[in-house]
Amino acid sequence: MIGPGEVLSGNRSRVLMKGNEAIAEAAIQAGCDAYFGYPITPQAELLEWMARRMPEVGRVFVQAESELGAINMALGAAATGARVMVSSSSPGISLMAEAMSYMAGSGTPMVLVNVMRAGPGLGGIGPSQSDYFQATKGHGHGDYRVPVLAPASIGEAVELVATAFELAERYLTPVMIVADGILGQAMEPVELRFRTPERRTFDWALTGAAGRPPRIVKSIDLEPEVLERRNLALQQKYRDIARHEVRWEGWQLEDAEFAIVAYGTAARVARTTITKARERGVRVGLFRPITLWPFPTRELARLSRHLKGILTVELSSGQMVEDVRLAVEGRCPVAFHGRMGGMVPTPDEVAGALKALRGKAARK
Amino acid sequence: MSLETHATVPGESVAESRLIYRKPDVLLDRSTHYCPGCGHGVIHRLLAEVLTELDLPPRTIAVAPVGCAVFAYDYLGVDFVEAPHGRAPAVATGIRRVRPDAFVLTYQGDGDLAAIGTAEIVHAAARGELITAIFVNNGIYGMTGGQMAPTTLLGQRTTSSPTGRDAATMGFPIRITEMLAQLPGVAYAARGSVGSASMIGKLKVMIRRACQVQIDGGGFALVEALSNCPVGWGMTPQESIEHMNGPVTEAFPLGVIVDRTAVDHAVGRTIAPAAESAVDPTAED
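Residue numbers (my numbering), protein chains in the order written: chain X, 134 to 497; chain E, 6 to 290.
Just so you know, these hints were derived from the structure itself, not from any lab. From a predicted model like this one, the values you see are computed outputs, not experimental measurements. Worth double-checking, as some hints may not be accurate.
[Claimed, not checked] Simulated pairs of lysine-lysine, DSBU-like, Cα-Cα distance not exceeding 30 Å:
1. X/409 - X/493
2. X/351 - E/28
3. E/209 - X/351
My request is simple: use the sequences and hints to build the entire structure.
Pasting the structure below:
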């Protein structure tokens, strides 16, 4: 295992690291002031890395009594303008949903990592993407959204940690990074492209009302007219995010007749399927959303005009596929292939689903 | 800041008078949403006086609860953050850890602190977080219309215990301050009351002590303030005071429950090792 000292020594530009550890170190390098966590598989290494490293660099680490405790500590620290992160896994995210709603409502920045389990309920620890609905359609109560970033490699996860802090502080919102058991626990060579986003000054941060009027960080206003204005401002923020922050990657799409839409680990399986299919002359490419919210709706809609069919592959029963269908609006057939419970489809399995879709498109 | 300020005010007769008592500036000039006869206003006032006397408002970051005191930030002129129901001690922990120079305060009711927020208060206390918790116990969920609270007395009728709290199905009232006092991280825990002028004076001493403990780095400090809820209890304000000074105080005895700091405030350092819990087992009766 790579020790923190080696990571920081600058002697290596490429190291072998676990995803959970790389995400943790990326947060430290991004200037994370405080981390609050609670043990849960498959993200425990992230907490452990922070437990060791945060005190080393003179920052704050607290192991909380629960995920509720952890995220509310983050809420308090973030309300003072500190750069904060929490991490957990599906059942823990359910508990964190309450405070996430409060933070969205009060406009408090935070980065939250969900290394997903295979739910519902307790959920297995195998790789899964069964929290897409939770991440993109709502965790807590109320009219709010949070940007959701989905890396497909450990290197990309490192980059997206800094991006997540930037988005959180630019738009004053919680930002979620979703990974799965493979991304969290597998090791792969990582280019250590750490980045420290510039510090902003916050005119709302609680620092003690010395020489200025008191500040209040809150989500509620008693007057319905005022509370509606607060909500309208939130919705404007979400429109701005949707306009400016959509991220996706296209691969082999230039001449494609078919596309596989997949994110995270599922997109890596799809790449192998596409490489093999291309060898057989099948013109298929990959459309990989990096922001699950805002979903690249317009980009996928444009692409779908030139396609004979789309196959969506997920480690779930089919959650993102609903957003794919909303984007495509019937312009071409949309098929789905998924596995659950911690199972990962093989490239051949995906190839089979692609073949069935091609057959269906040909009969049309 | 001394409250015995000599003020010169326009107007001949007033100019010669001596101001001996004034409202602290940190208590804002707003009418509150509290019901007539409610004790929250008195406790806000005491807190404002103590903060002012200890020169704390410029560095105070307070955490507001969910419940009757949800809008405490509208009445106390310090930096405030809203916490989800019961989570104030965790929120305060986060503030404390990133702002070591701040004075960190939670203001919570009995539903907030002794029911939904038990995990957060127990663990903040166990960690000995340098925060001061003001715990207002009026034995009822007031904001939602008078339902049974964890501190509701046996036999007490509420909208959710319409035939009276029955231990067999609704459990016993919780003395959470005594529970918390067992934890070594708790430097100071006391229970006062707003039941009379002299009790209010004693309560202020407790609140001042709980704030001083944080300033001295002594550990977690909590003051439980017994308070009345005339509307929720279905009583006149006068009846509610009598009820509070009778059966409520019998169930929740007043006094300092633990003080482990034993700080000599003249020299500002600990002069004695942590004392064991001062809970008196005979106080059960």
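We went through each hint and held it up to the structure:
1. X/409 - X/493: holds (20 Å)
2. X/351 - E/28: holds (26 Å)
3. E/209 - X/351: Between residue 209 of chain E and residue 351 of chain X the Cα gap is close to 28 Å, so the pair holds against 30 Å.
Going through the hint list in order, the structure satisfies each hint without exception.
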